[in-house]
Amino acid sequence: MRETLTHLTSFELFLLLSALKVAVVLVLLLLAVAYTVLLERKLLGHIQNRWGPSRVGPFGLLQPLVDGAKLFLKEDMMPLAVERPLFLLAPIIALGCALISMAVVPFGAVTRVSLHGGPGVDLFQIANVNIGLLVVLGVTSIGVYGIALSGWSSNNKYSLLGSLRSTAQVISYELALGLSLVGVVLRAQSLNLRTIVASQTAHGMISWNIFGGLQIVAFFIYLMAAFAETNRAPFDLPEAENELVAGYHTEYSSMKFAMFFMAEYANMITVSCVATLLFLGGSTSPFGSLFDGLLNTPVWNAIFPVCWFMVKVFGFLALYIWVRGTLPRLRYDQLMGFGWKFLLPLAMANIIATSLILAVRG
Amino acid sequence: MQLALFIIFGALALGGALNLLFQRHPIHSALSLVVVMMSLAVLYWSLGAEFLAAAQVIVYSGAIMVLFVFVIMLLNAGKEQRTQGSRAAYTVGIPGAAAIFCLLSFVFLSERGALMTSNIGGDLSNGLDNIAQVSAMLFTRQLLPFEITSILILVAILGAVVLARKEQ
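Protein chains in written order, with this note's numbering: chain A, 0 to 361; chain B, 38 to 205.
Among the hints, a few may not be true.
Unchecked claim - Now the in silico label distances, taken between C-beta atoms and shown as ranges:
id: 1; chain 1: B; residue 1: Gly196; chain 2: A; residue 2: Ala68; range: 37 to 43 Å
id: 2; chain 1: B; residue 1: Val198; chain 2: A; residue 2: Ile351; range: 22 to 28 Å
id: 3; chain 1: B; residue 1: Phe43; chain 2: A; residue 2: Leu29; range: 30 to 36 Å
id: 4; chain 1: B; residue 1: Phe43; chain 2: A; residue 2: Val181; range: 29 to 35 Å
id: 5; chain 1: B; residue 1: Glu184; chain 2: A; residue 2: Ala126; range: 45 to 51 Å
id: 6; chain 1: B; residue 1: Ala134; chain 2: A; residue 2: Ile351; range: 32 to 38 Å
id: 7; chain 1: A; residue 1: Asp332; chain 2: B; residue 2: Gly196; range: 23 to 29 Å
id: 8; chain 1: B; residue 1: Ile44; chain 2: A; residue 2: Leu29; range: 32 to 38 Å
Said to hold, decoys possible - Residues of chain A placed beyond 10 Å of chain B at every Cβ, according to the derived structure:
id: 9; residue: Asn129
id: 10; residue: Gly137
id: 11; residue: Ala147
id: 12; residue: Ile215
Said to hold, decoys possible - Just a few of them, taken from the derived set where beta-carbon distance is under 7 Å, the chain B residues facing chain A:
id: 13; residue: Leu89
id: 14; residue: Gly99
id: 15; residue: Val106
id: 16; residue: Glu148
Please keep in mind that the hints were generated in silico from the structure rather than gathered at the bench. All C-beta atoms in this analysis are idealised placements derived from N, C-alpha and C, irrespective of residue type, glycine included.
When you get a sec, could you build the whole thing from the sequences and use the hints?
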């Protein structure tokens with residue numbers, strides 16, 4: 000194995016490892032999507048004092064696979080009056096954008112692999128981009144087209160209303176979301192996600208942006224805006240069943256519906272990852288360097304940060320589901336008023352306060 | 038690599054722009070414009086202006102064009118009628134477009150020597166971190182144009198508010 004690998008030039012190795020990373024991340028992300036659905040059904044079940052799925056496999060653990068098979072085998076209906084090319088393109092845009100933003104997320108500590116010396120390839124991040132945070136925001140803002148086009152091309156009033164609502168909501172909350180991140184960027188002085196994580200490593204949990212960085216207001220704004228961006232309860236008006244049948248994906252069936260479904264959960268995971276990176280110290284340990292002496296071997300040093308990252312993302316996803324099980328849906332004017340009249344001014348005040356504090360400290 | 042990117046995305050931008058003109062449905066035209074803007078963003082990135090590329094995607098494709106699509110959806114605009122085109126378009130438009138094309142090609146061809154040696158991106162080329170450079174530029178040497186643009190946008194917002202307000 001090692002002999003064949005040493006024949007490769009460093010560029011070929013980079014290409015090979017990158018392709019491998021993309022494949023692994025994609026498979027793991029789709030698995031995570033499937034099991035987030037199960038987690039949601041289980042947690043909601045327990046919140047509502049019932050068991051949730053429990054028949055397929057031990058504790059219902061095989062339920063996602065069966066659901067996937069069901070969606071694959073369903074008849075793929077194509078309504079007659081739809082705008083065909085856009086109708087087919089919309090779910091692809093939605094899912095594609097949901098998956099792409101994972102490419103810039105660093106899952107663990109910097110772990111480089113190289114054969115010829117040189118800088119090597121980072122194992123736990125697909126691409127370390129200087130403007131990683133902006134890439135995530137940009138890809139998310141393109142994802143709106145998936146929802147907008149699906150509603151319009153379906154030629155159905157419920158779909159159209161759902162997608163109009165969703166587009167207006169996402170545009171409104173994108174402002175608050177973007178502005179809430181400025182405080183973090185000001186503190187880290189960079190848009191590189193690795194640098195932002197590195198700026199929170201000094202003393203473990205105390206130097207995370209949410210606590211030591213005094214960005215708890217920004218975290219609150221981000222939380223609200225992220226719920227709205229991913230069309231989740233209590234801001235799930237685009238698919239309010241009692242008014243709109245199912246919202247923008249009313250006309251979709253089989254795998255095309257499944258793509259929207261997966262896009263929603265993949266977006267949830269992306270949003271949780273970004274929250275973890277920006278506010279919860281990414282893959283760093285909450286205890287700082289307190290336990291660094293224990294298990295200090297290269298393998299464990301690579302594995303532990305990934306575990307911390309996953310625990311934090313899991314916690315954020317659980318919060319998502321908890322909120323869905325607890326809060327009722329807002330009315331549309333409440334939603335818009337909350338976004339524009341409360342979150343946006345609050346986000347601006349947070350930027351001003353953060354920059355003043357940073358300027359005073361020098 | 039850079040040349041390949043330039044050829045692919047330059048062609049994509051041109052194709053999108055032509056498609057924008059020839060499509061008869063407003064939504065298709067708007068989506069072609071999105072393609073043009075995304076290809077421009079890739080071109081910016083390949084020149085090293087990554088912040089500009091991200092801003093292009095977020096502001097133009099992500100916000101402005103979404104609003105375009107939103108309005109077209111809201112108005113439920115149908116296919117447009119093909120017309121023969123107005124007389125003004127033929128008498129002024131085509132010669133005007135030809136004149137601008139000639140002027141631009143003349144300028145680019147005559148300044149070819151200077152353009153070859155010049156550092157594209159100018160002040161932004163030498164950095165790893167061109168956000169710091171862009172902001173330093175905006176708030177020092179380009180402060181006046183920057184502030185004037187802000188005032189222009191403020192005026193536009195006020196105008197929109199006045200137009201949208203219902204008569205009491």
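Here's how the hints hold up against the structure:
no.: 1; hint: B:Gly196 - A:Ala68: 37 to 43 Å; in the structure: violated (56 Å)
no.: 2; hint: B:Val198 - A:Ile351: 22 to 28 Å; in the structure: holds (24 Å)
no.: 3; hint: B:Phe43 - A:Leu29: 30 to 36 Å; in the structure: holds (34 Å)
no.: 4; hint: B:Phe43 - A:Val181: 29 to 35 Å; in the structure: holds (33 Å)
no.: 5; hint: B:Glu184 - A:Ala126: 45 to 51 Å; in the structure: violated (36 Å)
no.: 6; hint: B:Ala134 - A:Ile351: 32 to 38 Å; in the structure: violated (47 Å)
no.: 7; hint: A:Asp332 - B:Gly196: 23 to 29 Å; in the structure: holds (25 Å)
no.: 8; hint: B:Ile44 - A:Leu29: 32 to 38 Å; in the structure: holds (34 Å)
no.: 9; hint: Asn129; in the structure: violated (6 Å)
no.: 10; hint: Gly137; in the structure: violated (4 Å)
no.: 11; hint: Ala147; in the structure: violated (5 Å)
no.: 12; hint: Ile215; in the structure: holds (25 Å)
no.: 13; hint: Leu89; in the structure: violated (10 Å)
no.: 14; hint: Gly99; in the structure: holds (3 Å)
no.: 15; hint: Val106; in the structure: holds (5 Å)
no.: 16; hint: Glu148; in the structure: violated (31 Å)
Of the hints listed earlier, those the structure fails to meet are numbers 1, 5, 6, 9, 10, 11, 13 and 16, in rising order.
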